[in-house]
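Student: Chain B: place on chain A using the hints.
As they're listed, the protein sequences go chains A and B.
Residues 0 to 271 (numbering that gives the first Met the number 0) are what the first sequence spells out, left to right.
Residues 0 to 128 (numbering that gives the first Met the number 0) are what the second sequence spells out, left to right.
Calculated directly from the structure, the hints in this document are not laboratory data.
Quick caveat, the model's predicted, so the values are computed rather than measured.
Hints are all accurate, no fakes.
If you only want the chain B side, here are some residues facing chain A, beta carbon under 10 Å, derived: (1) Val-26; (2) Tyr-28; (3) Leu-29; (4) Ala-33; (5) Leu-34.
Anything over 12 Å on all C-beta distances counts as not near chain A; from chain B, calculated: (6) Asn-55; (7) Gln-75; (8) Glu-77; (9) Arg-79; (10) Ser-92; (11) Thr-110.
Note that beta-carbon positions come from the ideal geometry of N, C-alpha and C, so glycine has one too.
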Amino acid sequence: MSTISNPDRQSVWIEIGRAVAGAFIFGLPLMMTMEMWWMGFYIHPLRLLALIVVSFPILVCVSNVIGFRHTREWLDNVLDVFVAYAFGFVISATTLMLFNSISWNYFSEINFQIVMLQAIPASFGALLARSEIGSGQHDSSIEKRNIDRLAVLAIGAMYLAFNVAPTEEVQLIAYQMSFWHQLALLVMTLAIMYIFSEAGSFSAASKRAAYRNIGFALSYTGTAFMVAMLASVFMLWGFGRLDGLAFSQIIANAVVLLFPAGIGAAAARLII
Amino acid sequence: MKHNFEKTPLWEKLVGFCGFVLICFTVVYLVWAALTNTDQPPSIDFNVVRTEVVQNQHMVLVEVKNNGDRTVSELQLEARLTDPSGKLQRSVSQVNYLATQSTQRVGFYFTSDPTKGELTFITMGYQEP
Chain A
0 MSTISNPDRQ SVWIEIGRAV AGAFIFGLPL MMTMEMWWMG FYIHPLRLLA
50 LIVVSFPILV CVSNVIGFRH TREWLDNVLD VFVAYAFGFV ISATTLMLFN
100 SISWNYFSEI NFQIVMLQAI PASFGALLAR SEIGSGQHDS SIEKRNIDRL
150 AVLAIGAMYL AFNVAPTEEV QLIAYQMSFW HQLALLVMTL AIMYIFSEAG
200 SFSAASKRAA YRNIGFALSY TGTAFMVAML ASVFMLWGFG RLDGLAFSQI
250 IANAVVLLFP AGIGAAAARL II
Chain B
0 MKHNFEKTPL WEKLVGFCGF VLICFTVVYL VWAALTNTDQ PPSIDFNVVR
50 TEVVQNQHMV LVEVKNNGDR TVSELQLEAR LTDPSGKLQR SVSQVNYLAT
100 QSTQRVGFYF TSDPTKGELT FITMGYQEP
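Only chain A is shown next, with the shape it has when bound in the complex (with noise of 0.2 Å):
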């Protein structure tokens, strides 16, 4: 029988906590959305599967920057992803069943595909957790990589991207659109998004001197920009949102989520 300390027992469940309640806070919403549990139904098994890869790696480099502890080898960053995942899993296949969302009606397999939907943006707040409600004692001083400074920008577009991607708002928002309003729209974004990185260069997290010009805050704008467009593109892919549409349609679907898409990845810098 193991021995554990009281302030290592203590550790212990305030992780879990932390893991517990990031996974709810950011799960929860797509969890009561239906239009993510009819996803499970018919989603292509193939973009599921990209989803999932190509959020594992940018999982790993913001457990790079954030995470369970103050980790740096990349065995640990790759644990906490998959620790994230587990949480974000029985978290949501636990809520799912509560509410009935899954059930014996349906094939078993339908059960998993939308449980493992909705686990992806669990394991995101499962992992944030630390940063965005922990005690935040996170060294955000330690130099980023630039593969670093860019799954933070990916994790905030994909996560804010990934609550409204699945739903018909976005097609609809879309059709009601004409192109002086699509571009209207871009410009506020992009606006929206400078004004992030004008606030992000004054954080706590970036008191250099570099961080403080306007070259900077227009370069990140940018980058970030770029990053929040392919995630809205990809997103709307892997829900198939973009399947049979034209490619003027394509072009207003991705400016609308573009829109939460370009506030996260801006913002991302702020929160994390």
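Tutor: Below, chain B alone, put in the same frame as chain A:
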């Protein structure tokens, strides 16, 4: 600041291992599902569960099952009851989504007693989601 993997708590290693197994299983399953999908069109089976009288009407509870490989949405169903005098009654219902190999219960209402007539079920149409 380097973290020593040996010092990682046992619970975290165990949960991490479960996550690793989960991801490996998911990848293998999804690839297998993609490769083995024969893409059979939706094939809807009807199975009468029970009939009961509800406020002067007769309700037929039917379990519908999609035996095809494709999920259907907006599935339109019709039940036709031909009573002993040859009079035809129709009742329609719709299922929002019916996933592959999954079932859903649907109710059809008639004014005549379905147990004394001939009951047939027809799939009217559906949309691909």
